[in-house]
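When you get a sec, could you build the whole thing from the sequences and use the hints?
Note that the protein sequences, when read in sequence, are chains A and B. Using the working numbering, the letters of the first sequence correspond one by one to residues 4 to 336. Using the working numbering, the letters of the second sequence correspond one by one to residues 4 to 336.
Do not rely on the hints blindly, as some may be mistaken.
Which copy is meant is left open, because identical chains are indistinguishable; a pair holds if it fits in one copy or across any two.
Only pairs whose alpha carbons sit at most 30 Å apart, straight line, appear in this in silico BS3-like list of lysine-lysine [as the list claims (entries may be wrong)]: (1) 254 - 239; (2) 190 - 202; (3) 254 - 210; (4) 239 - 144; (5) 239 - 171; (6) 169 - 239; (7) 301 - 202.
Derived from the structure by calculation, the hints contain no laboratory data.
There are 2 protein chains.
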Amino acid sequence: MRNSNRQWILKKRPVGDIKQGDLELVEQPIPVPGPGQFLIRTLYLSLDPTNRIWMSDMEQYMPPVQIGDVMRGGTLGVIEQSNNPDYKPGEIVNGIAGWQEYSVAGGAQKMAKGPAPLPAYMSVLGMTGATAYFGLLDLGKPQPGETVVVSAAAGAVGSIVGQIAKLKGCRVVGIAGSDEKCRHLVKDFGFDACINYKKENIRAALKRECPNGIDVDFENAGGDILDAILEQINMKARIVLCGMISGYNDKQPRPGPSLTNILMKRARIEGFIIIDYFPRLGEFLAEMSKWVAEGKIKYDTTVVKGIENSLSALNMLFTGGNTGKLLVQVSEE
Amino acid sequence: MRNSNRQWILKKRPVGDIKQGDLELVEQPIPVPGPGQFLIRTLYLSLDPTNRIWMSDMEQYMPPVQIGDVMRGGTLGVIEQSNNPDYKPGEIVNGIAGWQEYSVAGGAQKMAKGPAPLPAYMSVLGMTGATAYFGLLDLGKPQPGETVVVSAAAGAVGSIVGQIAKLKGCRVVGIAGSDEKCRHLVKDFGFDACINYKKENIRAALKRECPNGIDVDFENAGGDILDAILEQINMKARIVLCGMISGYNDKQPRPGPSLTNILMKRARIEGFIIIDYFPRLGEFLAEMSKWVAEGKIKYDTTVVKGIENSLSALNMLFTGGNTGKLLVQVSEE
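Next up, the structure:
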């Protein structure tokens, strides 16, 4: 056990790209659990596009992280010491302990070790899997034979969305940022097609790969990609607005896409945040665990080691450096 | 009976504002009904913002009017001569006979004369009333106590939307283009408040009049007004996208509003066009006729006389010259 607790503190709100100095890595004493509390050693830290939102003071779905506070982040940890008879050393808990090596809590959600490796419970069987599952099925309502487009398709959410849509009998077209990612999604994950938006004209490529138009768009990117998609939607298309990562580093909020086709095609754009579905996570976990066990849903994980690398790792989400779920392994299991 | 048929022909697609010369008034012989056909004399011509869309070749929900064709328009007419035993002279029919004094048809929807004056069947008891009814109730789903905002509130659709929302127990805030229209909506139509967007700062005024935020937006305007509304929506807000008249005369399609708040508030934007609800018009007519008869829903009509004035009258929709439904009386009842 280390004798200090390294933490990433939000020093100032990033303007544009996140820069070294916006967050600072500091060393603090390892916290001591009080009566009824226990000490958690962080095993894995989840890195997500929404972290960038939490660093800002834009209108958002949770309070922003305050300047001077430990950066917020989803975590999986192991109990090291406990003053609470309900929580025993060695038990695994998940939560949002943030970007730090140790934390104390008086309660937490325990995680029974399942058949999948621990990181899977932070990706395909965790929040990102649930985001894909409920966003696509509840809002996108894909029907057999329909065409589903997913942007940021090689990401933790997008890669699962595409595979679920395939299970539902849809034509699935991914949009990703490299030929390698595209090949992987088609060859290994069963996407029907994948467009490298950095190389191809997105409008021409969508026309080629979606000859019957677009019925469902699971939107993680926003910006030009969303503009292009909306030009090719079908009647009553559903746009699941899950994220708009292309704009998270913008210094000024940018305008959105023309809504003309939303009107003409009687289509729908609906915002989606997974926290609304927490009461239904059991439903997701039951079905997704089965799919994963049967090999019907595959997943990628990019693991970066060491809490000190969290900030540079986060930037991989914006530069396209990761494939699938991006995690920091903070300490050994 | 006149001895010629005056028609408005689309000569070229308007660029920006509609100009004299984009359409041309011509005289043709009165058409002669063939076997099984009948001759209709147009009584009223409906003028609607969507007419501007039909003149363009933008992506739209019906084929655009072709150059050289009679301009499309909703009409109410009376049968003058008939070679069809099912249609008798003197019967009233509605349809889309277009911007002309006479037309022939082999079939048409007959209209039994109801208790309301004929023009009412082209407004509150016609397509514009149905647009307000289904758009608000089916897509907006207003709940008692919620705040409903409606733009172009003094128009044929907006003025009815606001009154239905009041019947459903909502706080109703209209947005219109003059103090006189605003006073009228509050005093005579029971709106809780109305904002003159040409005089007031729309953001500050919305904040003042929607202290609990905005739950439903019935959108007829688009542009800056929609931007401002989206900044003040509540969780799970419903944006009924019925029209975006502020942009119909734009030479270039403009970007849409930032979708950030749609994501953060898990809100929904949904396009709406009344033609999808034709199978359910009976349901609307039954309830709306009752409301009108009981004085619960009031309506305004602006009637311009003479087919020759159709084009200048249409521009009233874009300059704010009319209140309520805008009709051309083409001939005497």
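Evaluation of the provided hints:
1. Taking CA atoms no more than 30 Å apart as the test, residue 254 paired with residue 239 passes between copies only; the shortest distance there is 27 Å, against 34 Å inside one copy.
2. Taking the closest pair of Cα atoms, residue 190 and residue 202 come within 30 Å of each other only inside a single copy of the chain (19 Å); across copies the shortest separation is 60 Å, beyond that limit.
3. When the C-alpha separation of residue 254 and residue 210 is checked against a cutoff of 30 Å, the pair qualifies only between copies, where the shortest distance is 25 Å, while the shortest distance within a copy is 32 Å.
4. Within a single copy, residue 239 and residue 144 get their C-alpha atoms as close as 11 Å, and across copies as close as 18 Å, so both meet the 30 Å cut-off.
5. With identical chains, the CA atoms of residue 239 and residue 171 are at most 30 Å apart both within one copy (18 Å) and between copies (27 Å).
6. Both within a single protomer and between protomers do residue 169 and residue 239 lie at most 30 Å apart by alpha-carbon distance, with minima of 20 Å and 29 Å respectively.
7. Only within a single protomer do residue 301 and residue 202 lie at most 30 Å apart by alpha-carbon distance; the minimum there is 26 Å, versus 58 Å between protomers.
Hint check: no violations occur; every hint is consistent with the structure.
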